[in-house]
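Asks: This is what each chain is made of:
Protein chains: 2
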Amino acid sequence: SVNPDLASERQTASFSVEKLTALLDGDAEQTRIRRAVVEAVESDPVFSRENQYFQTQNERYEAAVRKAVHLQKKMHEMGWTENGPEYKYIYRALSGDVAFLLHRVFMRSISVLGSDEQIAKWIPLATQHKLIGSYAQTELGHGTYLQGLETTAVFDTATQEFILNTPKISAMKWWPGDMGRSATHTVVFAQLYVHGKCYGIHPFIVQIRSLQDHSLCPGITAGDIGPKMNFEHIDNGYLLLKNVRIPRENMLSKFCEVRPDGSYVRQGSQKINYFTMTTVRISLISDEVLTPLMKACTIAIRYSVVRRQSKLKPGEQEAKILDYQTQQEKLLPQLAAAYAFHFINDYLQELFSRGYTEIQRKNFDRLPELHALSSGFKAVITQHCTAGVEICLRACGGHGYSLLSGLPSLYTKILASCIYEGENTILLLQTARFLIKCFMAANAGQPVPPSVTYLAAVKHGKCPAKNKLDFLSPDIYTEAYQHVAVRLTSSTAAKLQDLIQSGVKKHDAWNQCTVQLVQAAKAHCHYIAVKNFAETVEKLETKAGIQKIMKHLCDLFALHGIFSNTGAFLHDGYTSAAQMDMVTASYLDLLAVIRKDAVPLVDAFDFTDKSLNSALGSYDGQVYQRLYEWAQKSPTNQMNPAYEKYLKPLLHNTLSKL
Amino acid sequence: SVNPDLASERQTASFSVEKLTALLDGDAEQTRIRRAVVEAVESDPVFSRENQYFQTQNERYEAAVRKAVHLQKKMHEMGWTENGPEYKYIYRALSGDVAFLLHRVFMRSISVLGSDEQIAKWIPLATQHKLIGSYAQTELGHGTYLQGLETTAVFDTATQEFILNTPKISAMKWWPGDMGRSATHTVVFAQLYVHGKCYGIHPFIVQIRSLQDHSLCPGITAGDIGPKMNFEHIDNGYLLLKNVRIPRENMLSKFCEVRPDGSYVRQGSQKINYFTMTTVRISLISDEVLTPLMKACTIAIRYSVVRRQSKLKPGEQEAKILDYQTQQEKLLPQLAAAYAFHFINDYLQELFSRGYTEIQRKNFDRLPELHALSSGFKAVITQHCTAGVEICLRACGGHGYSLLSGLPSLYTKILASCIYEGENTILLLQTARFLIKCFMAANAGQPVPPSVTYLAAVKHGKCPAKNKLDFLSPDIYTEAYQHVAVRLTSSTAAKLQDLIQSGVKKHDAWNQCTVQLVQAAKAHCHYIAVKNFAETVEKLETKAGIQKIMKHLCDLFALHGIFSNTGAFLHDGYTSAAQMDMVTASYLDLLAVIRKDAVPLVDAFDFTDKSLNSALGSYDGQVYQRLYEWAQKSPTNQMNPAYEKYLKPLLHNTLSKL
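Protein chains in written order, with UniProt numbering: chain A, 1 to 658; chain B, 1 to 658.
A hint or two may mislead.
One side only, chain B facing chain A, incomplete, derived with CB under 10 Å [what the hints assert, rightly or not]: (1) E59; (2) H70; (3) I225; (4) H399; (5) S402; (6) D572; (7) K633.
Simulated from the structure, these hints should not be mistaken for laboratory data.
Here a beta-carbon is modelled for each residue, glycine too, at the ideal position from N, C-alpha and C.
Full structure from sequences and hints, please.
Replies: In structure tokens form, the structure reads like this:
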């Protein structure tokens, strides 16, 4: 039975939840397919996550391998293929709790970087899981800056082999998933040396464990890097290479080859590599970042209408905590952000598809823009969503802090997305570099990519809003965001030029501007996210209340951004203090409006109880019963390990005297 | 041997590290005592935390009990007493990793709330650990709002007993530490009923487990609430009471008593209860909040001079990451905040001592101010430090995400401080209520407590700064903070009045202002923190470079606060855009200045390697070796639990074909 405090929230929805779900999925047919996959996965006990919060790292790893192996069978059984429409829902249905994810990266790197012969040899083996692959790039002492990698691969003409070595401890491979305990093979990135000359970083296929008995191959030292904040199910590993010999054919050679005589040949364009990174950054947004935020919002908002605390009105019963303005101010902007980023993800996907079409025609013109946008949005979205999940966790008070709420694991997992696939600050600086370059070009009258043409049109006007309702006009707030993005980019470009003109060396000048460059990059992405949300709302169908509620969320997303960062808008007087008070008033009004639809808005995300795996967030809102039932299953409620040894002798003392 | 990249940082310290340590401790004698305690604790293998990151919740709990039991022996051995000078360092030396902390709260509540007879009976038993106590206040459905607690205690005149019950699931006691598996007794807070009349919440001593065999007493259901984000060593528990009878004498009766005939007598003042909460909130700041931030800064800053990444100058070796402005911008403000809050903690302690003296003279006049300041600062400091630890964690990239860095556990533990002992938003609203009241009083010409007299003097001037150096003047920035605090308080007070005058009911009006009230409360605390830091610096001795470096940190703390919240300062034109650019320039300059002393500034916190328990943060900076050595000890590097069952059959398939 549904908790009446939750049930009542659903009776007054201003829109059709089912229609909104279909919009989020793409269409009703996609919703149907997704639900079928979720149903098939969740009804299979092998994929259960039921006791996950009680398991050790070893148990989580074992379960993840079991699931990965079972998944192969399941896919066959269900007729799901990697090219089928169901495929993209599998990972979501598993909540990512499965091993061999790096195996897929291993395969992709061979497909992208390997010659036709290499692809023909390795891909079928990998596809049939006749080996388990990994991807060994990051080293103990080296991450983002690939040129700094220290692992070496020296070509030995005599034997036609590469000899791989880890010259010092900081060169040890560190972090690769699936490598600590599972992988038999890995793609190792190493500095290539031929005849004493270094040719830079190249990828090599290296076998690390025996297919016979899984023992480490000669010259290989490898293992698990131990406990992390999350990802207990993944065996992130370390790898030391000592004179490991591999055949010449194992260097992935689509773009570069070492011929038998030791001559080095470069062929084709490596620009495609940037495209690969772009692909990864865009693809992680949906599964690794948006889904956790949507889950956190679902849990926190459902809990906030079930939890009652203090009295809002004297004489009445305790109030639902979502009725407090401060609670709305915590949760509803996160909900709006989840929708905003869902739509920007659609935008990036589309941009990416168009880019891909162009690239297949060997036209790389749109690559810099795509790289800048994917880098910037990867950073902005992961940062924003990580903060959002943390806010949801904290908004649930003590119960949010229990692992049983599901929120701690959502948080500790999403946090990693700020670091992997490009550390966020570095990514934002790449976006900033693009912005500065485009700003200079635009001001010199040169053409610039579509997403940055606005930089050319620096306007010195003032915000025209006259009352608080004007701030519910997308034109008004989008213009304000644009103004801030232009101002931050142009002022930082000016500072940079001033420094250089005053004699500061270029790299020092750049470093002295980086805090502000990061601000400019964020403002650019924020502007595009607001603009895209507004444009998306414009195009939505008006029936079933969808457009209206999405408009409210768009307004909230935009006004929350201004309210949280008023200085950027006030700085040059574009927005006046009086206007800022209007923003605040409109923003606070919106909280009360959206609060009414908060539960239907999270219901539309359509998470099953099993996928939420939360004692606080279930569809029926039976929070307290579930917390109690789940806690009783905890291993800490088995035998007390401290009793015989410590508590009994301590208390024994009492017995004789009390 | 010390990593040369770290060693070089120490050679150029602008001040005496040892003198700064003494300043932080109070004086050199305190430093000596503290070091002796730390040495005694850390040299004792029973207190080791060596394998902590590999342990399960059960193992952590067992170790914490073992340490608690051993601590009694150790204290006796060392001649340490609860009243001795060493006592306050023990908990820090143990890094809080010890059981029976609630036993102390059990004792304190009896001392504060019990009659002389009750104190005489229970305190000796507790002191000698002849029982293990806990403190059962929070319920599954009830936290901060004590009046909402649902557990009942009905007086039975016939038997002279109270009958305790948990009337429904939301009334179950939930969270009390030491209760899940250890406690034999607990203080239960319940609604008192006599002859059918409810007298509100009262405390009762209830035995929950047998002293004989530790089995649950009749009518008691209790256990552990399961896994949490941290505090694995603590058995936070649940408790259900079913017709549990306790003697009349077990109601703690210093302030209220039920006589044998059922008559209810209230005696003395309960104001002291507020004082108890104040005590707890102030006392947690140092151990639970500042220490973790200081540790996180130590780890992240030492790591940031050892870690090299990318090139700052072409042709040179990769740069220390602390040389990047963006890294400085992440870490150095946290360092400044750690010092700022250390000094505000001194301020609060002093205020508290003075308040205590007054209270002993039955003068409760200063209690509201003390309550407002302790509530506000508990919220502001826990919030700021939690964010700071997270920033430190993220600033260490992937290695920060490894449990072996020590940062994840610092983060997950400090996070709880935002929730326990008063949820932060609720506390800030209590501070705000005090501010509004005082603002009204001050404007009506009535006297107000010292910390808020500034609210009476609303100034409409402008910030007088003329160049960026002016913003290194404490008068300039302290005045700016004061201006913002006054503006936010007065504008919210005006909004509140407007709403009420326009017919909105008082409680609704309050709710509609809470987002802004929270801002006002934060601004008030921030102002006092800046002012106090500036005044502290003023009084420091100028020799040994201490005052100079503390002045830099004070400036950084103040300017970072303005830089991060420019809107508040720009809003009414008190600070102009040109002045804000000066703030930015001075702030960024300061980063480069303080960066030079960053390592000595964290060395001054004087944490031993054992207390940091971090592979990244040790004094010698041998980061990579330590990560590797520690990882090898992980249980994930024992037998592979997935091999025989899953990997072998999978790969077996290959053997026949490869």
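Asks: Now tell me if each hint is right for this structure.
Replies: For each hint, the structure was consulted:
1. E59: Hint on B:E59: holds, closest Cβ of chain A at ~8 Å, below 10 Å.
2. H70: The hint holds - B:H70 has a Cβ within 10 Å of chain A, the shortest such distance being about 9 Å.
3. I225: 5 Å, holds
4. H399: Cβ of B:H399 sits 8 Å from chain A, so the hint holds.
5. S402: 5 Å, holds
6. D572: 6 Å, holds
7. K633: At about 8 Å, which falls below the 10 Å cut-off, the nearest Cβ of chain A leaves the hint on B:K633 intact, so it holds.
Comparing the model with each earlier hint shows no violations; every hint is respected.
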